[in-house]
Amino acid sequence: MSLAIVDEALVLSTIDYGEADRIVTLFTRGRGRLSAFAAGARKSKRRFAGALEAGTHLRAQLVERRGEVFRLDGADIVQSFHRLRDDLPRIARLMYCLELIRELTRDQEPHTQLFDGLRDYLQKLDAKEAGPTSLLLFELDALAQAGFMPSFAPCALCGEPTGERPRFDPSHGGVLCLPCSTRVAGGFPVSAQVVEALSRLQAGERTPLPAETRARARELLNVFIAHHLGRKLNSVDFMEQVGTD
Amino acid sequence: MTPDAINRLVAQLARLPGVGEKTAQRLAFHLLRTPDLARGLSNALVEVVDRVKLCPVCFSLHDGPEASRCGFCTDGRREDRLLCVVEGISDEMAIERTREFRGRYHVLHGVLSPLEGIGPEQLRIKELLTRLQAAAVEEIIVATNPDVEGEATALYLTRLLKPMGLKVSRLAQGIPMGGDLEYADQATLARALSSRREL
Ligand SMILES: [Zn+2]
Ligand SMILES: [Zn+2]
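So the protein lines, in turn, are chains A and B.
Each residue of the first sequence is one higher than the one before, counting from 1 in our numbering.
Each residue of the second sequence is one higher than the one before, counting from 1 in our numbering.
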């Protein structure tokens, strides 16, 4: 039994398979993340011409095969987002958000809103309309959609304001007030100003943050994401290597 | 019971990229039936492992004496002022087949792949920079693949090389010879347009 489907998809990553083929990890709109076998994708440039590049928005023709990965029969490019390949910071952000989505989602768990969020973010990145604060916004949104929303205010345990000396404790869901964090003996100190900035972003405010605040916010999110995924994302290093956030 | 020797061979073959358990078994039994092939293969494998090494300058493969430079590096007819940077040996071979390029090479042995955790320190980039301190290179041709990773690598190299006063160029990208505009993807066509040339 095999079932043919057509779905919108964003290419998360690909790996070469054998001499001629490729296995591509797609984030589909209707079925969430899935892996598909793209026969001949390495050899025949015509069949999937440029379609399997990281971040590309496709209309994918897929065949579901029992007990095996999907088969990718065809792919039409909706948008290739190739303009963002013109500079390193944008490539770094592209890679980072693709890895984030790849790791946050599970096979065949649909996340339609998250799909739309990623597509919209890539559109902005391609049009040079997304700066570093937009990436933080996208991440907070993605974490919420995937069910890992960090709490910045009020205290994740007692619900009181976190005060002058908040602490961050990913194993208790986010920022805690000093008494709570002393009681559970966890977390590390964070600046009240960074906590404030992140909770305003989370509430939907779209004001660009100063570089110093972004850097601290990035550290916090790195710790939070690493805690939930069990490892640091690889592309975090790349963002540091190219000096961007 | 399958003899252990066969199991060991199957297990080793199955470690090759793109070879699964089934294929490995088929290959193993084929080798068993053709002793000439098996012996030839085993000799070739040992020879490759023992004799082929990386050139300490450009990181191409060669089978000369230990610590000696490769043919590309020692050939006096090649130009020192041109250096072509490639991802891997197969790309170097492809460029060499054109007979158009008469400069030197530098093989990175990979490409920046942020998602796989392959960063600059996993590639032969440090060695490239060291090499350039002493060499009479004027122009670097970055011949990485025109995919996202290849672009990232080219941009990263450009950022390092430009401040050294070197001319950095990138292989032209666009419609393949004998190709068809109608079937070209957006990205390729856009690149071809932006790197159009006057006639
Ligand atoms: Zn509390
Ligand atoms: Zn050499």
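These are calculated hints, taken from the structure and not from any lab test.
Wrong hints could be hidden among the right ones.
As the list claims (entries may be wrong) - What follows is a set of in silico ranges between Cβ atoms, one per label pair, in the way DEER data are often shown:
#, chain 1, residue 1, chain 2, residue 2, range
1, B, Leu-199, A, Lys-232, 24 to 34 Å
2, A, Val-69, B, Ala-38, 31 to 41 Å
3, A, Glu-129, B, Leu-27, 20 to 30 Å
4, A, Pro-110, B, Thr-130, 42 to 52 Å
5, A, Phe-148, B, Lys-167, 17 to 27 Å
6, A, Phe-188, B, Glu-21, 39 to 49 Å
7, A, Pro-110, B, Lys-167, 49 to 59 Å
8, B, Arg-99, A, Pro-110, 24 to 34 Å
Just so you know, even glycine gets a beta-carbon here, dropped at the ideal spot from N, CA and C.
How the hints compare with the structure:
no. : hint                                : in the structure
1   : B:Leu-199 <-> A:Lys-232: 24 to 34 Å : violated (52 Å)
2   : A:Val-69 <-> B:Ala-38: 31 to 41 Å   : holds (34 Å)
3   : A:Glu-129 <-> B:Leu-27: 20 to 30 Å  : violated (53 Å)
4   : A:Pro-110 <-> B:Thr-130: 42 to 52 Å : holds (51 Å)
5   : A:Phe-148 <-> B:Lys-167: 17 to 27 Å : violated (48 Å)
6   : A:Phe-188 <-> B:Glu-21: 39 to 49 Å  : holds (48 Å)
7   : A:Pro-110 <-> B:Lys-167: 49 to 59 Å : holds (50 Å)
8   : B:Arg-99 <-> A:Pro-110: 24 to 34 Å  : violated (53 Å)
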